[in-house]
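Going by the numbering used here, the first residue of the sequence shown is number 13, and it counts up by one from there.
I should point out that these hints are in silico values taken from the structure, not numbers from a laboratory.
Only a predicted model underlies this, so the values are computations on that prediction, with no experimental measurement involved.
Take the hints with a grain of salt, since some may be wrong.
[To be verified] FRET-style restraints, in silico, Cβ to Cβ:
#	residue 1	residue 2	range
1	Glu156	Asn250	44 to 50 Å
2	Ser281	Gln227	17 to 23 Å
3	Thr255	Tyr75	49 to 55 Å
4	Ser76	Lys300	40 to 46 Å
5	Asn161	Asp254	28 to 34 Å
6	His308	Gln227	16 to 22 Å
7	Ser76	Ile224	29 to 35 Å
8	Glu105	Glu284	42 to 48 Å
Ideal placement from N, C-alpha and C gives every residue a C-beta, glycine not left out.
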Amino acid sequence: MSGLKSTPLTFIIVSIAFLSGCSTVFPNLKQKHFVYLSDKKMVLNYTGKLNQKGLEEFRETFYSTKPFPRLLKISSVGGSAKIAMDMADIMLENNMDVHINKMCMSACANYIFLAGNRKFLEKDSLLVWHGGIQDITQVERLYESAIKNTKEKGQHTDYDLDEHSRNQPKINMSLQPSDLAEDKFNDHEQVKQKLLEKIQEYKETDIPELRIRSQKMYAAINVDPLIAVYGNYQKIPNPNTDTEDYYYNISGMTGFYYSLQDLEKMGVSGIELLVGKWFPNYPTHTFKVDMQKVEHQALPRL
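Full structure from sequences and hints, please.
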C-alpha cells in the first residue's frame with residue numbers, strides 16, 4: 013500500500029504553512045523550547061518554538077512565581093497563532109515587558125512582541141513577519157494547497173509535526189486515534205477523507221474565531237491589524253526571472269521587516285533600544301517593506 017505506513021499512527025497531521033522553511037534558514041534556533049527564570053525570578057525566559065507544551069510551561073512558571081515576572085525575554089521562530097495569542101493575553105493582563113533576545117518571527121512578531129508594554133531590542137534583534145490569519149486571501153491560498161496535497165498523496169506521519177517539523181510556522185490539524193478506528197488506519201482513502209473534513213472544519217470554525225480574537229487584540233493595543241500582511245502586497249525583484257513578484261512566489265524568500273519609523277506609524281509603541289541603536293543584520297531571504305510600494309488597494313478588508 014503506497015503512501016501510508018502499516019504500523020498504527022499516533023497522529024495524522026495536515027500542516028498548512030504560512031511560510032515554509034523558517035527554521036531551516038535560521039538553523040541556530042533549535043526547535044525544542046526552553047522556559048526558565050533568571051535575574052532573581054523577575055525575568056521569564058522563552059527560547060524556541062511556540063507550542064502547547066511551551067505555553068503550559070510558560071503559564072505554570074509565570075503563575076507559580078511570586079511576585080509575577082515582569083519581563084519576558086524571548087527568542088523564537090514562531091509557531092501556533094493561538095498559542096502566541098494565549099501568551100500575549102497573559103502579558104497584557106499583567107503589563108509585562110518583552111525583550112527580543114535574538115529573533116522574534118511570525119506568530120512571535122504578530123502577537124508576543126506587540127503585547128509587550130516596553131519592547132526592548134538588542135542591537136541585532138530580528139523582527140520578521142510573513143503574513144497571518146488577518147489575510148483571508150493568503151489563508152484561502154494555503155487551504156487550496158493543503159486540499160490539493162491531501163487529495164494527491166495525503167499527509168501523515170507517526171509523530172506530531174507540531175513538535176518536530178522543520179517547516180515553521182504553520183497551522184496544524186491533528187487526527188487523534190479517537191478520530192479514526194484502529195482497523196481503518198491503513199485505509200488511505202478514508203484517512204484522506206478524514207483529513208479533508210478536518211481541514212474544512214478548521215477553516216469554517218477555528219480560523220474565523222482566531223481572526224476575531226486577533227482583531228480584538230490589535231484594537232486593544234492600538235496597532236494596525238495589517239502589520240503582519242503589508243509585505244504580502246509589495247512586489248520585489250525576483251533574481252530568478254529578472255522581473256518583480258510577491259516574495260512568497262520567489263524561491264528561498266521567507267519574510268519581511270519594517271523600519272522603526274514605520275513600526276511607530278503602525279502604532280507600535282514602547283520600543284527601547286538597549287544600546288541606543290538598532291542595526292540588525294537581516295539575511296538576504298528577507299526584505300524591508302517599502303510602504304510606498306505596497307498595493308494598498310489590494311489589502312484585505314477587515
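Quick rundown of the hints versus the structure:
no., hint, result
1, Glu156 - Asn250: 44 to 50 Å, "22 Å, violated"
2, Ser281 - Gln227: 17 to 23 Å, "19 Å, holds"
3, Thr255 - Tyr75: 49 to 55 Å, "53 Å, holds"
4, Ser76 - Lys300: 40 to 46 Å, "41 Å, holds"
5, Asn161 - Asp254: 28 to 34 Å, "30 Å, holds"
6, His308 - Gln227: 16 to 22 Å, "19 Å, holds"
7, Ser76 - Ile224: 29 to 35 Å, "31 Å, holds"
8, Glu105 - Glu284: 42 to 48 Å, "21 Å, violated"
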